[in-house]
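Chemist: Turn these sequences into a full structure, and let the hints steer you where they fit.
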Amino acid sequence: MSDTVTMEVLRYRPEEETEPTYESFEVPVQPEWMILDGLNHIKDQLDGSLSYRWACRMGVCGSCGMLVNGRPVLTCATYMESLLPGPIRVEPLRGFPVIRDLVGDITDFMGKLAAVKPYIVREEEKPVEEGEYLQTPEELAEYKQYSMCINCMLCYSACPIYRIEPDFIGPAAIALAQRYNLDSRDEGAQERMDVLSQHAGIWGCTLVGECSEVCPKDVDPAGAIQRYKVSATVDFFKSVLMPWRKE
Amino acid sequence: MNPDYRPYHPKWFRRRVPIFWWLRQAAYVKFISRELTCLLVAYVAILLLVFVAAVDRGEASYLALVGWLSQPMVVAFHVAVLLGTLFHTVTWLNLAPMALVVKVGGRRVPARAILLGHYFAWVACTIAVAWALVGP
Amino acid sequence: MDTRVHDVLLVGGGGAGLRAAIAVAETNPGLSVAVVSKVYPMRSHTVSAEGGAAAVVRDEDSLEAHAYDTISGGDWLCDQDAVEAFVREATREMVQLEHWGCPWSRQPDGRIATRPFGGMKIERTWYAADKTGFHMLHALFQTTLRYPPIKRYDEFFVTRLLVDDGRCQGVVALEVATGKVQALLAKAVILCSGGGGKVFPFTTNANIKTGDGMAMAYQSGAPLKDMEFVQYHPTGLPFTGILITEAARAEGGWLLNKDGYRYLQDYDLGTPSPTPVKRSMELGPRDRLSQAFVAESKAGRAIPTPYGDVVHLDVRHLGEAVIDKKIPFVRELCLKYQKLDPVKEMIPVRPVVHYMMGGVATDLDGATPVAGLFAAGEVACVSINGANRLGSNSLTELLVFGARAGRAAARFAGAQPDPSSALVAQAADEERRLHRDFLGRTDGTERVADIRSEMQQAMEAGAGIYRDEESIQVAATKVAALRQRFRRVALQDSSRTFNTELVSALELSNLLDLAEVILASAAARRESRGAHQRTDFPERDDEGFLAHTMARQGEDGRPRIEFDPVTITTWPPGERVYGR
Amino acid sequence: MRARRSREPILWALFGGGGMMAALFLPVLLGVLLVAAPMGWIELVAFADLQVLVRNPLVRLGLFGLVFLSFFHWAHRFRYTLYDGLQLSHLNELIAILTYGVATALSLTAGYLLWSIG
Ligand SMILES: Cc1cc2nc3c(=O)[nH]c(=O)nc-3n(C[C@H](O)[C@H](O)[C@H](O)COP(=O)(O)OP(=O)(O)OC[C@H]3O[C@@H](n4cnc5c(N)ncnc54)[C@H](O)[C@@H]3O)c2cc1C
Ligand code: SF4
Ligand code: F3S
Ligand code: FES
Numbered sequence: 001m002s003d004t005v006t007m008e009v010l011r012y013r014p015e016e017e018t019e020p021t022y023e024s025f026e027v028p029v030q031p032e033w034m035i036l037d038g039l040n041h042i043k044d045q046l047d048g049s050l051s052y053r054w055a056c057r058m059g060v061c062g063s064c065g066m067l068v069n070g071r072p073v074l075t076c077a078t079y080m081e082s083l084l085p086g087p088i089r090v091e092p093l094r095g096f097p098v099i100r101d102l103v104g105d106i107t108d109f110m111g112k113l114a115a116v117k118p119y120i121v122r123e124e125e126k127p128v129e130e131g132e133y134l135q136t137p138e139e140l141a142e143y144k145q146y147s148m149c150i151n152c153m154l155c156y157s158a159c160p161i162y163r164i165e166p167d168f169i170g171p172a173a174i175a176l177a178q179r180y181n182l183d184s185r186d187e188g189a190q191e192r193m194d195v196l197s198q199h200a201g202i203w204g205c206t207l208v209g210e211c212s213e214v215c216p217k218d219v220d221p222a223g224a225i226q227r228y229k230v231s232a233t234v235d236f237f238k239s240v241l242m243p244w245r246k247e
Numbered sequence: 001m002n003p004d005y006r007p008y009h010p011k012w013f014r015r016r017v018p019i020f021w022w023l024r025q026a027a028y029v030k031f032i033s034r035e036l037t038c039l040l041v042a043y044v045a046i047l048l049l050v051f052v053a054a055v056d057r058g059e060a061s062y063l064a065l066v067g068w069l070s071q072p073m074v075v076a077f078h079v080a081v082l083l084g085t086l087f088h089t090v091t092w093l094n095l096a097p098m099a100l101v102v103k104v105g106g107r108r109v110p111a112r113a114i115l116l117g118h119y120f121a122w123v124a125c126t127i128a129v130a131w132a133l134v135g136p
Numbered sequence: 001m002d003t004r005v006h007d008v009l010l011v012g013g014g015g016a017g018l019r020a021a022i023a024v025a026e027t028n029p030g031l032s033v034a035v036v037s038k039v040y041p042m043r044s045h046t047v048s049a050e051g052g053a054a055a056v057v058r059d060e061d062s063l064e065a066h067a068y069d070t071i072s073g074g075d076w077l078c079d080q081d082a083v084e085a086f087v088r089e090a091t092r093e094m095v096q097l098e099h100w101g102c103p104w105s106r107q108p109d110g111r112i113a114t115r116p117f118g119g120m121k122i123e124r125t126w127y128a129a130d131k132t133g134f135h136m137l138h139a140l141f142q143t144t145l146r147y148p149p150i151k152r153y154d155e156f157f158v159t160r161l162l163v164d165d166g167r168c169q170g171v172v173a174l175e176v177a178t179g180k181v182q183a184l185l186a187k188a189v190i191l192c193s194g195g196g197g198k199v200f201p202f203t204t205n206a207n208i209k210t211g212d213g214m215a216m217a218y219q220s221g222a223p224l225k226d227m228e229f230v231q232y233h234p235t236g237l238p239f240t241g242i243l244i245t246e247a248a249r250a251e252g253g254w255l256l257n258k259d260g261y262r263y264l265q266d267y268d269l270g271t272p273s274p275t276p277v278k279r280s281m282e283l284g285p286r287d288r289l290s291q292a293f294v295a296e297s298k299a300g301r302a303i304p305t306p307y308g309d310v311v312h313l314d315v316r317h318l319g320e321a322v323i324d325k326k327i328p329f330v331r332e333l334c335l336k337y338q339k340l341d342p343v344k345e346m347i348p349v350r351p352v353v354h355y356m357m358g359g360v361a362t363d364l365d366g367a368t369p370v371a372g373l374f375a376a377g378e379v380a381c382v383s384i385n386g387a388n389r390l391g392s393n394s395l396t397e398l399l400v401f402g403a404r405a406g407r408a409a410a411r412f413a414g415a416q417p418d419p420s421s422a423l424v425a426q427a428a429d430e431e432r433r434l435h436r437d438f439l440g441r442t443d444g445t446e447r448v449a450d451i452r453s454e455m456q457q458a459m460e461a462g463a464g465i466y467r468d469e470e471s472i473q474v475a476a477t478k479v480a481a482l483r484q485r486f487r488r489v490a491l492q493d494s495s496r497t498f499n500t501e502l503v504s505a506l507e508l509s510n511l512l513d514l515a516e517v518i519l520a521s522a523a524a525r526r527e528s529r530g531a532h533q534r535t536d537f538p539e540r541d542d543e544g545f546l547a548h549t550m551a552r553q554g555e556d557g558r559p560r561i562e563f564d565p566v567t568i569t570t571w572p573p574g575e576r577v578y579g580r
Numbered sequence: 001m002r003a004r005r006s007r008e009p010i011l012w013a014l015f016g017g018g019g020m021m022a023a024l025f026l027p028v029l030l031g032v033l034l035v036a037a038p039m040g041w042i043e044l045v046a047f048a049d050l051q052v053l054v055r056n057p058l059v060r061l062g063l064f065g066l067v068f069l070s071f072f073h074w075a076h077r078f079r080y081t082l083y084d085g086l087q088l089s090h091l092n093e094l095i096a097i098l099t100y101g102v103a104t105a106l107s108l109t110a111g112y113l114l115w116s117i118g
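Quick mapping for you: the protein sequence lines, in order, are chains A, B, V and F.
Take the first sequence: its letter number 112 is residue 112 in our numbering, and every next letter is one higher.
Take the second sequence: its letter number 64 is residue 64 in our numbering, and every next letter is one higher.
Take the third sequence: its letter number 423 is residue 423 in our numbering, and every next letter is one higher.
Take the fourth sequence: its letter number 46 is residue 46 in our numbering, and every next letter is one higher.
Some clues are possibly wrong.
[What the hints assert, rightly or not] No more than 27 Å apart at the CA atoms, straight line, and that leaves these computed lysine-lysine pairs for DSS-like: (1) Lys339(V) with Lys11(B); (2) Lys217(A) with Lys339(V); (3) Lys103(B) with Lys238(A).
Simulated from the structure, these hints should not be mistaken for lab results.
Note that the structure is predicted; figures quoted are calculated from it, not measured.
Modeler: Structural data, given as structure tokens:
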């Protein structure tokens with residue numbers, strides 16, 4: 001095992017440069033170290049001006065997603081060892097404007113999350129005093145997978161469609177909509193349909209499938225989108241063939 | 001100094017998507033090849049119509065078509081097309097379970113079972129058609 | 001100076017902050033609410049909480065039992081009126097969260113499922129597999145999107161509170177992305193900025209848990225209460241400090257020393273039985289378990305590793321099916337971060353700094369002694385946690401006291417005049433300070449990372465699981481020296497755009513304040529109680545110290561400690577008995 | 001009243017149906033009729049039987065279904081490939097008219113042809 005590895009880190013300092021550049025650092029490798037530990041080593045020991053986001057360092061807060069050797073990963077959950085002998089190239093996630101160094105602007109993503117109405121919608125709310133809504137473990141299992149998304153945006157970074165068509169609402173937001181649609185407590189599927197059945201909604205996806213490949217939490221957004229396409233289509237034909245059907 | 005920078009006003013850097021983005025990564029190459037099989041699908045559909053028309057018109061026109069079909073270049077091309085349609089079939093059947101949620105007795109049928117079902121259907125169709133064309 | 005005005009301003013978008021925001025919006029939809037957070041809300045540390053949240057739901061359970069477990073768990077340092085309010089409102093809050101979509105784990109008939117947790121007589125911990133905090137935070141965050149009056153300032157770092165005329169009327173915040181300093185004025189401010197585990201080197205806490213809110217409140221004249229009580233969680237992974245949730249023990253995991261012996265039986269924590277017994281053995285309280293570890297380690301019965309001694313947490317006998325169903329995240333974390341599979345191997349664990357029982361002193365409505373300033377969540381100390389927090393009370397605390405503070409702040413704000421314009425001048429001063437002390441200075445020599453790590457080592461050595469007069473004084477001297485060195489800190493980054501080094505420096509300054517207060521409070525409490533164990537005063541002393549430490553910043557900038565009485569309503573101090 | 005729906009569900013259903021039909025039937029038809037038989041690798045049924053077969057109304061109907069769906073499968077996929085692969089999304093409408101137009105024309109021709117034989 002080599003003792004050090006070269007990390008080529010994308011730098012972008014908007015005050016000084018118009019284009020990003022790459023800067024190389026020699027970083028020691030230890031068996032326990034993740035890519036994030038390497039970046040922290042750079043920041044603490046070599047160059048305090050390197051900027052990137054992180055918080056939990058346990059793969060659950062979703063802030064440390066970056067492109068490592070061209071692939072979107074959580075840097076706190078990717079061993080340096082697995083990428084030896086290097087060099088290891090670290091860049092900000094693709095698909096988001098770069099604010100500085102490894103930090104991307106995610107305003108667009110946050111807007112898209114909100115657009116799908118990701119909360120329980122009901123015609124009538126049950127008073128809290130009457131206790132919980134009953135939900136069997138099977139009903140819970142219906143949507144559980146889609147509720148595991150940590151908003152890390154790796155899927156957006158992997159999806160070429162999002163980069164080509166910035167209006168595309170994107171994998172995680174659609175999976176989140178499905179998470180609520182499939183929740184037995186929710187009655188908001190129709191409202192979400194209005195957003196999702198647009199071209200920029202589900203129909204923009206051509207099932208590249210990379211979103212599910214890179215998802216660190218097995219949310220399978222590609223599956224969520226396909227399922228949504230099926231139900232939107234069935235719904236459509238039902239309303240055409242049986243217009244009297246109550247909605 | 002970056003001449004475009006003004007304090008407190010973001011100067012985000014946007015990367016352009018290269019026009020040949022689909023050549024940049026193995027997964028994307030596979031994706032674009034899969035999408036392009038649609039050309040083969042249309043081509044084979046047209047060819048089938050030509051074939052049917054030829055058979056309908058009589059043995060002479062049928063033999064003429066067979067003659068064209070058995071030229072080496074044409075055969076080579078069609079073998080390639082065949083591989084392409086097989087690629088279509090495999091990629092299609094592999095993705096099909098993703099969208100399908102089948103429930104039996106309240107339990108979700110595992111994706112593997114659905115996948116196997118699809119392949120089984122493919123084999124069955126192939127045998128049925130071949131049997132009709134070749135005879136027992 | 002860019003100035004914005006709101007009615008109620010929240011510092012922090014974790015569980016407490018978001019719950020409070022919704023409470024404000026529901027109490028008075030006419031108020032404008034703003035959530036200011038240094039990270040996007042769903043990155044807040046509530047996301048990491050694993051095991052569960054406590055509230056009485058089972059028929060055989062009672063509010064009285066929940067209160068008693070909490071108070072005895074807290075070694076009688078809890079304010080009992082606060083505990084009573086807490087247990088009374090806990091269930092309602094948890095059901096409310098269920099209505100907001102939190103995917104609580106269920107029983108086969110569709111009702112809420114519960115599991116036991118350390119120090120509990122009856123199982124009352126609600127859970128969403130072992131990602132409870134994650135699901136709670138996301139459910140809360142997504143629910144806030146329903147309320148148009150809630151505005152967010154994401155990635156805004158609050159650098160100080162604006163206090164004028166004895167009343168808190170807003171904050172100064174740095175927009176991290178652009179470096180712009182803004183005055184955010186408000187009629188009421190609620191601090192929900194979480195804990196400060198980063199005072200210590202080895203912690204389950206995220207990088208962002210730097211006690212900013214505690215430090216800012218302290219600088220503004222609010223007292224910090226019971227800061228000497230720092231909870232060590234007995235089971236963290238070595239090196240990373242990643243938490244292996246108590247749920248692993250609640251489901252039946254065993255703690256074994258190097259001889260494969262369930263050593264807790266030697267520490268008056270009951271006798272081993274194959275299945276978990278509540279309030280016994282592995283389900284004893286965290287302080288006692290962590291202390292038992294230290295004794296085992298001293299006696300040479302722990303397993304040495306490059307990252308310190310460990311013991312083993314063994315869940316293999318639970319079997320793959322139970323592990324995957326009840327504690328899947330434990331397996332995921334072990335596989336990803338420790339390269340081992342708990343189905344087949346034992347998990348190496350050691351105690352790790354986890355939670356701060358102390359915080360900004362508040363009343364039952366989250367109000368601090370500074371008018372207009374409220375606090376809720378880990379940053380606050382309403383005193384339900386006493387000397388040792390019971391696992392799974394904290395998530396519930398966020399909801400109960402987040403909601404209470406939100407309602408109280410909404411009522412308060414409704415009756416206040418608009419914030420005074422004098423504050424803008426204060427904010428301008430703050431901007432100049434940031435430039436003078438950090439961005440613009442050229443004569444610095446010290447590095448943020450060095451001071452931080454020296455401070456953390458000093459705290460571990462001086463105020464760890466066991467402390468005494470001498471260790472505390474050594475640490476205090478060191479921290480004072482570091483404070484001096486911090487005056488000469490140099491940033492390598494002078495950019496305004498997303499300057500994370502500037503943020504770290506500001507955080508470090510807050511951490512240093514916290515370290516000072518923790519040490520001063522620990523020195524003042526000359527007894528052992530709960531998580532505060534003094535080898536020079538090994539007994540609990542109700543005569544002298546059945547009281548809260550209150551730390552206020554003196555004229556000289558150093559903490560002054562006073563004692564405040566503990567509120568006792570129903571449960572007189574007794575012996576803490578576990579396993580019997 | 002629900003908001004105006006896009007036409008996508010119809011197009012997607014046609015695309016999906018075509019993809020499935022093509023997946024199941026095209027390899028065998030292509031392989032047997034257009035490659036193996038002309039090369040003499042396998043022997044087809046007698047020509048007269050073949051003619052009877054293609055003139056059977058049910059077979060013609062099935063064939064029409066197959067080619068019609070295949071054309072729309074092509075149209076849909078090709079349309080997306082054009083505007084994602086070549087980033088021509090601003091030409092969305094034009095591309096849609098061209099691709100589905102061609103598919104419609106081909107289908108009409110196929111329908112006429114299959115109708116008129118026999
Ligand atoms: C690993 C782990 C597991 C846990 N498991 C459990 C459990 O099972 N059960 C349980 O009851 N408790 C558990 N806890 C404890 C519990 O999770 C925390 O006490 C609780 O989540 C704290 O929530 P909070 O809302 O007070 O703060 P946080 O969630 O930490 O949020 C703080 C917020 O304040 C913001 N903020 C901080 N400083 C500033 C600033 N200067 N400017 C602007 N914004 C700022 C942050 O951005 C963040 O949004 C666990 C804790 C940890 C570390
Ligand atoms: S779906 Fe997966 S990859 Fe996408 S944001 Fe969620 S967790 Fe990340
Ligand atoms: S990668 Fe993109 S195209 Fe669809 S399947 Fe995933 S969203
Ligand atoms: S730091 Fe939280 S996911 Fe990596």
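Chemist: Holds or violated: are the alpha carbons of Lys217(A) and Lys339(V) at most 27 Å from each other?
Modeler: holds, 18 Å
Chemist: Given the hint that Lys339(V) pairs with Lys11(B), test it: the Cα-Cα distance must not exceed 27 Å.
Modeler: Not satisfied, since the Cα-Cα distance of roughly 42 Å exceeds 27 Å.
Chemist: For a C-alpha distance cap of 27 Å, please report whether Lys103(B) and Lys238(A) respect it.
Modeler: Measuring from Cα to Cα gives roughly 20 Å; hence the hint holds.
Of the numbered hints listed earlier, the single one contradicted by the structure is hint 1.
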